[in-house]
Each structure stands twice: as structure tokens, then as C-alpha cells.
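There are 2 protein chains.
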Amino acid sequence: MTTQIRVGIVGYGNLGRGVETAIGLNPDMSLVGVFTRRAPETVATVGDSTPVFAMSDLEAGRDDIDVLVLCGGSATDLPEQSPALAAKYCIVDSYDNHAKIPEHFAAVDAAARPAGTTAVISTGWDPGLFSLNRVFGEALLAQGSTYTFWGRGLSQGHSDALRRVPGVAGGVQYTLPSETAIERVRAGENPELSTRERHTRQCFVVLADGADADTVRAAIVNMPNYFEPYDTTVEFITAEELERDHQGMPHGGFVIRSGTTSEGTKQVIEYSLTLESNPEFTASVLVAYARAAARLNKAGDIGAKTVYDIAPGLLSPLSPEELRANHL
Amino acid sequence: MTTQIRVGIVGYGNLGRGVETAIGLNPDMSLVGVFTRRAPETVATVGDSTPVFAMSDLEAGRDDIDVLVLCGGSATDLPEQSPALAAKYCIVDSYDNHAKIPEHFAAVDAAARPAGTTAVISTGWDPGLFSLNRVFGEALLAQGSTYTFWGRGLSQGHSDALRRVPGVAGGVQYTLPSETAIERVRAGENPELSTRERHTRQCFVVLADGADADTVRAAIVNMPNYFEPYDTTVEFITAEELERDHQGMPHGGFVIRSGTTSEGTKQVIEYSLTLESNPEFTASVLVAYARAAARLNKAGDIGAKTVYDIAPGLLSPLSPEELRANHL
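From first to last, the protein sequence lines are chains A and B.
In terms of our numbering, the first sequence opens at residue 1 and continues consecutively.
In terms of our numbering, the second sequence opens at residue 1 and continues consecutively.
Note that these hints are calculated values from the structure, not bench results.
Here the structure is a predicted model, which means the values were calculated and not measured.
The beta-carbon is built from N, C-alpha and C at its ideal position, and this holds for glycine as well.
Accuracy of the hints is not assured; some may be wrong.
Below, a sample of chain B positions facing chain A; criterion: calculated Cβ distance under 7 Å [claimed, not checked]:
1) A139
2) L140
3) T306
Using 25 Å as the maximum straight-line C-alpha spacing, the simulated DMTMM-like pairs for lysine to aspartate or glutamate come out as follows [claimed, not checked]:
4) A:K100 to B:E322
5) A:K266 to B:D245
6) B:K100 to B:D160
7) B:K266 to A:D77
8) B:K88 to B:D309
Excised from the complex, chain A in its bound form (with noise of 0.2 Å):
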């Protein structure tokens, strides 16, 4: 029995308890702990005997860490953590500001060579996992086109957007991949399609005491960049229908390459996702590429990486015997 990978967690919502659970799947994986900026006693873990400190605890550098992996988010905590951190830890983000990536990478390198530090940035599904089947599809099939579609999925910044509606007391949104659209791409037809042609948003909303449904109706479908580009449907519902049926954060989606290796032989390369649960499988991502973060270290393989940079038999607990010998 090899060491086991010693994580921590910073930073404790939706992505770090998921970050919690999926340590506890993984054998080969301890956690350390949860380091918080609240005040750690007042801090609920889905462990009950996982321990809980503050955020100053890793200033010093401590060494019963492996690997962080990083559970804030991409506006205002990471840009900040990744980097300060990277310089005294292996770290794992999962950094999403497509347009940032390579400022980002930068600023975390800088960071991490000097301090003789792994450090993944920008890691789960997409950036992540999607990331990987579009390059995989461009070097695979040289000609052709890919197509990223999202959903059947949560979408929490057009969920907000919806609830800041004058007159919406609460609701949600689900972005829908256009069935027709992905048949279309699955025959290798190679379309052109529109924002409006690739995907659909679907709302449900409780309406506030007095609001007239056509009118909120009128201004969510309305709503520039969020809704107008796309056939948007708005369904009201009950405050009690809003509690009981959409609590999950369901997501997923489709990367499909579609290319010809010679005149007219169509060959085509689909990758999907059906999550019940988008923060748990994200926090899965992270914790397999931690794992590649602590041996890419051990290995003397030091600064910032992206998913492009791993190997991907690094992110399985198997030696590579037993995968040549099992899996391949």
C-alpha cells in the first residue's frame, strides 16, 4: 500500500462538500481538513468528524498538505487564492473565466516555479473534461468541425438573472441543447447554427403577491443577452412546486466532433455528460486531477498545468502495470 494523498479543502459550498464526498470514494486519498474564511466552529460539514480550521492556518506552510483543492470561484477568490497559495502548496482550481485562462496560468506559474509546486488550474467538466474531447476531436479528425452543446442543466447566472425580474418571487432556469440541432451534427450535416438554433431556456417562476404574469413573462423573455437570443418558455409555478421539484443542479452536455478522413467517409466522435448533480461531479474532476497533482510533484514535474499537460493514467488510483495489463 502506497502513502496516501493528503488534501485539503478551501473554501466550503456546493463544491467543497462535493469535494468532501468524493475524498471518501477514493482509497488512496485522506482529507486534512476544510479551511474556511468563517468562523470554523460555525461551519457544518457533511463529515462529522471532518476538521474544520481557519483560512490563516495555511499561511505558514503546513506539511501534513499533498495537494489544495480550491472551491471558490472564479470572480473574486481564485485570482487571488491560486496563486498565493500555489506558492506554498500543490494546488487544484477550477478556474472558468474562459477569456482569463492565460493571465491566470501566468500569474499561478509565476507562483508555483519558485516554490517547487504542482499546481492544475482550470480543471472539471468544462473548462476541464470538455476542454479535453474538443482537442482530442481537432487532433483526431484534422477535418472537420466540433460542437459543444449544454444541458439538460441548472444554469445558476440565468437562474439569478431571472429572480432579480420585478415581480419574480423565485425561479429557476434550465438550459436545453436543441434536440434537432444535435441530430443534425450526429448525421455529420456540419451546420451553421445560430445562438438561437443551438440551445433552448426554460423557466419556471413563482410569481410575487400582486405581479401580472404577462408582463414579467414579457420582461424575462425580453432580457437582453440572457433571454433574447434564445426561445425562452416561462412556466409559473407554486412556491411549494419550486421547493419540491428543483432543488437538484442537474447538468451535462455534448462535445461532438464531426469530421471526413477522405471524399465523403463521415466519421464522428461524441462525448456526453448526464449529471444528476453538476457541483459533486465537478468536485469528482478536481479530486482526480489532485491525485495527478501530487504525483506530477513527486516526479519533480513542477508548475502550472492544465488538463492538456496530464497524462491521463496519472489520474487513476492504478499503477500503470496493472492498466496496461487491465484496461487497455
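Chain A is fixed; fit chain B onto it per the hints.
Below, chain B alone, put in the same frame as chain A:
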């Protein structure tokens, strides 16, 4: 513009022709030529200007080749050629005798290390991409079941078996995945599936003159190992229909990992291929791994490798900076 990767093709059947075509679709690669055991002047290549050399031309160790793509068979060609050529060149092969992969890996590694070459073995789509997705699935969802389904696809081995039945003048066999089984797996049922429940076999047969259809059908469906364990259908067609409708080599399949991340929370990962030409797609995979082999060797990473050892970014013609900026 970086220097092109110079590729040689060893063996020139369907797979070798596919590699020739695939190299033409990848501007960062160039084809040195085809190496064959036949008399070179008797070989007609897909490309008018493709040079054809005798296999013996490889013996001295040519310095105009970065990687050889080995396109021989796993039964007798590759066990001999892969170690022999890895002692002089970087190579990629599609060795697919699953049970003997550890032995093949060891033989190739022993040849490659002292020579300072890099040798990627057992790539293609199964073994290869499907192997990768089995390991990704298990690493990402520690708790769950993995399913591989093949087809709809032409099975070379089963078609050969079919054609050896007395009374059969010609024919082909397609392997079909069970739609019912796939739906159960997608729904997260984690079913135990028997061989008969996973796949069916569909035979198209041209009867020899005077042969009795019922006798031939019975001989096929009762053939041990090949057809008896499956629900097998036999359809009799004319030689013209065989020629007209069954010359393609379609294949594909599904790797599905279905698991839970907490009590009752289902998560499903699905990877699928729908291929109009099995050899052309396999060739495209070999070419992408040839790119990785050349890059690994340039970085000093030598010895035998499998798909598990190769960072996905190495398959792409794009640089790590481009991948991070545009694909993550």
C-alpha cells in the same frame, strides 16, 4: 513554422492507406514513403507521388524519418516488427492482442530504451481511445460500472468465420450493440448484462450454387464462440447486393461509465464513435500519436508508452499557449 514531422509507413494495406491519407490532412507532418515486403514497383499508392521502398531499406537506420507508423497485423507482424524497428526508430503501433499487451510493451521498451527512441504501442480506438475513456471514467467516478459496446460495425474475424461455413460463397457480419442494453446503462441502472444481452450479430450471406439455405443458416447460428452465444440473424443476398451494399468498413461503439457521487446521485459519462471507415479512423488516431511520439522523443522522453502515458496536448498541432487561449 516549426519543422515538419517526417513519417514512414510500414505495411501497406487498408490501415497504411489510411495513414497516407491522414498525413495529407495534417500540414505539420510529411510522408517520407511507404515501406513494404512486396516488390516496391508492384505497389500502387493512394497518392501519385508517394515513394515506395523495400522494407530492407529501413535496416541501416535512415536519418530522414522521425517516426514510423506500423500498419501490420497483431498476430505475426507487430510482435516481431515493433521491437526490431523501435531499436532504430520512434514508432507507433496498433497492437491489439489485449492479453499479450504487457509482454509486447516489455519487448518494445527493452528495444527502445538503449536506442533512445520513443514507441507508442496499442493505439487506435480499441485499444486506444476506448481504453482511455474506460480509465477516465473509473478515475472520475470511483463508484460505478463501466460498459463497452461495439458496433454497428463490420467484424473482420466474424466475417472470415462466416465465409468458411460450407455453402457460403460470400458474406459479411455486422456486430450490433443492443439498444435496450444501452438505454438501461444510460438510465444509470447498472445492469448485469450477459453476452447475449449486450450485442447481436447480423450476417449477410451469398449462398453457393446448390447450397441449402436452412442448413447454412443452422451451421452459422450454432457455431460455438463465434455465433452461438449471440442472437444471430442470417439474411441471404445476391453476389451483386454484397458487392453493392457491403463494401464499406463501418464500425464504432460506446464506452459508458455510470456511477454515483453520493447516495442516489447518478452521473453518466458516455463516449461514442460512429465511423464510416474503421481503418481510416484508426489511421487518424495513429497519426496523432505519431505527432506525440516525435515530440516526446525531442523532449528526451524515451521508451515504450501507451495512451495512458501521453498528455493530450501532445496530440494537437497547436502549442500549449494556443490551446490554453482558445480551447480550454
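Hint by hint, here is what the structure shows:
no., hint, verdict
1, A139, "holds (4 Å)"
2, L140, "holds (5 Å)"
3, T306, "holds (6 Å)"
4, A:K100 to B:E322, "holds (13 Å)"
5, A:K266 to B:D245, "holds (17 Å)"
6, B:K100 to B:D160, "holds (23 Å)"
7, B:K266 to A:D77, "violated (29 Å)"
8, B:K88 to B:D309, "holds (21 Å)"
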